[in-house]
Every structure is written in C-alpha cells, then in structure tokens.
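Trainee: Each chain, written out:
2 protein chains.
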Amino acid sequence: MSLAPWRSPLSRALHLNRSQPYSRYLQLATVRKDGRPANRTVVFRGFLEGSNQLQIVTDSRSEKVSQIEERPWGEACWYFTKTREQFRLLGNLTVITVDYPDESLQKARRLVWQQLSDGARSQFAWPDPGQKRVEKASAFSLPPPLPNEPLANFCLLLLAPERVEHLELRGEPQNRWQYDLDDSQIWIARSLNP
Amino acid sequence: MSLAPWRSPLSRALHLNRSQPYSRYLQLATVRKDGRPANRTVVFRGFLEGSNQLQIVTDSRSEKVSQIEERPWGEACWYFTKTREQFRLLGNLTVITVDYPDESLQKARRLVWQQLSDGARSQFAWPDPGQKRVEKASAFSLPPPLPNEPLANFCLLLLAPERVEHLELRGEPQNRWQYDLDDSQIWIARSLNP
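Protein sequences appear in the order of chains A and B.
With my numbering, letter number 7 in the first sequence gets 11, and the count goes up by one each step, no holes.
With my numbering, letter number 64 in the second sequence gets 68, and the count goes up by one each step, no holes.
Because the hints were derived from the structure by calculation, they are not lab data.
There are no misleading hints in this set.
Quick list of in silico lysine to aspartate or glutamate cross-link-like pairs, DMTMM-like style, CA-CA up to 25 Å:
hint : chain 1 : residue 1 : chain 2 : residue 2
1    : B       : K37       : A       : E73
2    : B       : K136      : A       : D187
3    : A       : K37       : B       : E67
4    : A       : K37       : A       : D103
5    : B       : K136      : A       : E172
6    : B       : K86       : A       : E172
7    : A       : K37       : B       : D186
8    : A       : K136      : B       : E166
9    : A       : K136      : B       : D187
10   : B       : K37       : A       : D38
11   : B       : K136      : A       : E166
12   : B       : K136      : A       : D184
13   : A       : K37       : B       : E74
14   : B       : K136      : A       : E176
15   : A       : K136      : B       : E176
16   : B       : K136      : B       : E67
17   : A       : K136      : B       : E172
18   : A       : K86       : B       : D122
19   : A       : K136      : A       : D63
20   : B       : K37       : A       : D187
21   : B       : K140      : B       : E67
22   : B       : K37       : B       : E67
23   : A       : K37       : A       : D63
24   : B       : K111      : B       : D63
25   : B       : K86       : A       : D122
26   : B       : K37       : A       : E67
27   : A       : K37       : A       : E67
28   : A       : K140      : A       : D63
Only chain A is shown next, with the shape it has when bound in the complex (with noise of 0.2 Å):
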C-alpha cells in the first residue's frame, strides 16, 4: 500500500498544529438507527500500520458501535484551528471487538489499549455510558484495568476514507481540494472552487 495524497498535507496541519493537545480531536458522524444524524467528538489514535485508516477508540456500550453496525458509514471533520484548515473525510467504518475474527487487527486492538494512558482506560470500566447517572462516586474511581490486555467492552473503530476534502481558509481566495478514490484504488485529486 501506498501513502494516499491527503496523508502529506494532514500530517503537515498536524505537525504545525501539535503545541494544540486538541489538534487531534475530531468529529465523527454517523447515521442513528432512524435516519437521522448523529455527530460526536473523538480523539485521532494514529493510522492503523501500512494502510490509510485513521484509529479511533470506542466503548461497544456507546450508541455509535450499533449505529455503525447498521450502517457502516463515517464522515469526520477535522479542524485545525492554528493553520485554519479543514479536513472532511468519508469512509467505511469498521469496529474491531473483542471478537472480531482477524489476528493482526486483534493485535492493533491491543496495541492501542496498551497505549492509552490510565485515565483514559478506566472510562471503559465505569458504568454504562449514557445511562442514567450512577450517582455512587466510587463507580468512577476504581483502579485502572491493566494495560496488557483491553476489556472486553475496548474496541478499536477503522475510519477508510474514499473522499477527503481539505480547504484552507488562509488561502486568498481559499483553497479547497477533493481526493477520491477510484474504482482502480487510484487516489484522483482535484481543485474546486471554495
């Protein structure tokens, strides 16, 4: 596999925008179970190895693990708020569960979990998330599960971008470029008007 296009000015926004912990911060859509949309903040965990599919960490409690599993469709946008740039990217979302019957993405899945930090494992042994409130303080602060090997409840989302949109709001006038991936797997690049 080869880099796609898009990968160089994004890695480029994201090196100009690191002093900003929230640079790798984005929002994903999806779809709800009744058509209507759902848009919800998550956080850029790097690209899977030798493929173009941006991870993302998620709990098969949340609501978007079944929506996904209906309609297996994703668009992030991502805002880098330093550079004034945006990247829209549409793609196939995959959930890797616990069960999900492929070794080497088992093993992305643990890789991930192991690189979270304590903080951010413990989430996913709270209470249900987006249940009513467990008001008992100690639910939330237990000690954090260990880093070797994720709960079952720990998934790893695969976001496989087939078009990405970048504009650049400094340009004058902007910049706006659409990258899309043909039936041939060739990454065809365009100018649009902003």
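Chain A is already provided as a structure; the job is to place chain B on it using the hints.
Mentor: Here is chain B on its own, set in the frame of chain A:
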C-alpha cells in the same frame, strides 16, 4: 417562549471561551442523498430572536442545502477547547431561501446578512462552490456585495434542537447531561453516566 435549560450552560461556555474566535465554530452533520453522513464546520450566528433556534448561514448552491431539502435533520457538535466541554444539538433544520414565504424569517435573513463582514458576504458572489476550480483569480476578487439586500443564493439556516447533550470533560469524573423536548414542548433534563 422561554429559554431552554441548555441555553444557560451554552451561554456560559461561549462567554468563557470568547477569547478564541473559533469558539463560534461548530460541526454540523447531515445525511446525504445516498444515506451516508456529511459533516462540516459552520459558524454560529446567534439565536433567532425569541427562539431557541441556532442561526447559521449557507449558500443555496452548497450540497448541504439539497441534503436538508430531502432530510431536514442535523446534529451539531460543538467542542469548546478552553473549558473542555462538548454540546451535541440534534434537531430539525430549516433553510430560509430567498423565496421562503414568511416575512419575519425573511427579516431575520436580511439582518444576519447585514451583520456579516464584507469578506463573508463576498463568498456568496464567488463562483459555484465545490465545482472545478475557476483559475481566474479575478473571479474571487469582486467588490463585496452591498449589505442592504442579501444576494439571492444567501440562505439563513436554522437548527431547532430537540435533544441537547452536554459533556464536561473537566469533571471528576466527567459530567454529562441530556435535555429532551417532550411532546408538550417541555424540556426534561437528566444526568447521565459519562
């Protein structure tokens, strides 16, 4: 009409993050004609007077307008970097086009146009957004349109939330609330597990 209960924490977030111009940027998800999600950054232009509807501006030539005509639903995701909190606002979208038959909403459309900067107004005079790039730089350097009357392709986009979720990452543990508009148009607030 009374202020929805989520208006107060949202006003507070806007106030505390006001030093950052991008605190008024949010990501709006819609659904494409093919059923896949779309997601892009938009700018918050205040609330429609006497309502809980968020004002956004858009171009009738943009893809989101045709998406909304078919599926009038959106979820905005608004992350405030300084206070580390997120609002998700799910609701109905209405596009106030030049021929929308409601004089008070046309008045709101004109008012928002007048409040835009010359630079923002100019974009509505640019060549078709999302089409093959017009290379002639002069196409993007026209004199700005007059503030008194909006260009015909200028639209006011209204988001009327029915469900709002507020997540504070700074809590120990995090705090998460959900506000739902019930059948009697009353907001019900609940505290949820983060």
